[in-house]
Each structure stands twice: as structure tokens, then as C-alpha cells.
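The sequence shown finishes on residue 1103 if you use my numbering, and the numbering steps up by one all the way, no holes.
Among the clues, some could well be false.
Cut-off 27 angstroms, straight-line C-alpha distance, at most; resulting in silico cross-link-like pairs (BS3-like, lysine-lysine) [said to hold, decoys possible]:
(1) Lys924 <-> Lys1055
(2) Lys1102 <-> Lys934
(3) Lys976 <-> Lys1076
If you're looking for bench data, these hints aren't it; they were derived computationally from the structure.
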Amino acid sequence: MSKTKDYKRIISAVYDDKTIRVYQAYNKEIAEGAIKNQHFVDPWLTTRTTWIKPSLCWMMYRAGYGYKDKNQERILAIDIKREAFEWILDTYYGEGYNQKENGNTDDLKCYSKNSLLIQWDPERSIKIGKFQNGLRSIQIGIKPALTQKYNNEWITEINDITDIVHQIKKEIDDGNMEKAISLLPNEKIYTPKNVKF
């Protein structure tokens, strides 16, 4: 039996029938290579776990609006295939996950230990403070076993949104909250097809 959660897990994202948007922050060199090639190139490493986040507000928190440090100074909006996103959730929370709850971890080890990590962190507001209602936002870690598939097969489009994020921060600092909010993407609650968490 799983422990009773005192928070609510949500996936808030920009998506349509074919793709869902996730965010990552990188240094200038990696970001510019990704934009030019529409996939990641050297010095991006396939030997490291790469984390994707569907919530822009959480990404802004993690990267400090792109001002936190030089390795997170460029914020990328990455559209990936929706079927790939569903596969991630099915793989992590499907049969293997249910067997873990019942004490059988064979399938879970086969999948998540070698390829995926999922964690739920407090969702953030546009001012990057924690919401007080217990909402948790999904973060997905793609381990080296799957980074090439993510890079070469799942990604459909990459855009640099750093300027928009900087403008959001400027409007907040200037007290123009309505304008800042208007710059946010139209994220909606995403309901997976086959799994619950």
C-alpha cells in the first residue's frame, strides 16, 4: 500500500494532439547548438541524466528566470511527441509501478532504474514562490539509456524563450503583474491516457 499523500500531483503543460511542451535551461553554447540543429549537439552529453519540466513557472524558479548562473542562462521550450510523453508515464507508472506497490520490483528495475526518474516538486507561481495548496509539479529525469532516443526521436521543435522569461521578470519587478501574467503560455492540466498517480 502506498502512503497517503498530503499534496496533489498535477501536470500543467502546453500541449495538443501531437506534442507536449517541456522546458530545459542550458548555457549559451548548448542552447545555440540546439536551436540551430533542432536537437542537442556537443557539448550536450548523452551520458548524463537530462531533466525535462512541463511547467514554465517551475522552470523559471529552477533557473532564476535565466539569471541564476551561466549554465542556466538560456531557457528552451522543447516540443516532444505526445506519444513519447505517454510512454514515459506508462513505463514509470504502469505495470512495473503497480508491482512495486505489491513488493515485486522486477519490471520497475528493468525500466525506471535504467532509464527514467520522476519526482514531484512544489509547483511555483509566476513570482516563483511555492503555492500553499499542496500542488506538486512533475519533473522527469531521462537517464543515459534513453537520452539519445529523447534527442533524436522524441523532440519535434526547440525554441529559445529566454527573452520572454526576462520580460516576465522585468514586468514583475516593475509591478506590472497583469502584463507579466499575459506573457505566460496557456498551460492546461494534462490528464494521462492510461495511468493515474
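These are the hints, each one checked on the structure:
no. : hint               : in the structure
1   : Lys924 <-> Lys1055 : holds (17 angstroms)
2   : Lys1102 <-> Lys934 : violated (37 angstroms)
3   : Lys976 <-> Lys1076 : holds (19 angstroms)
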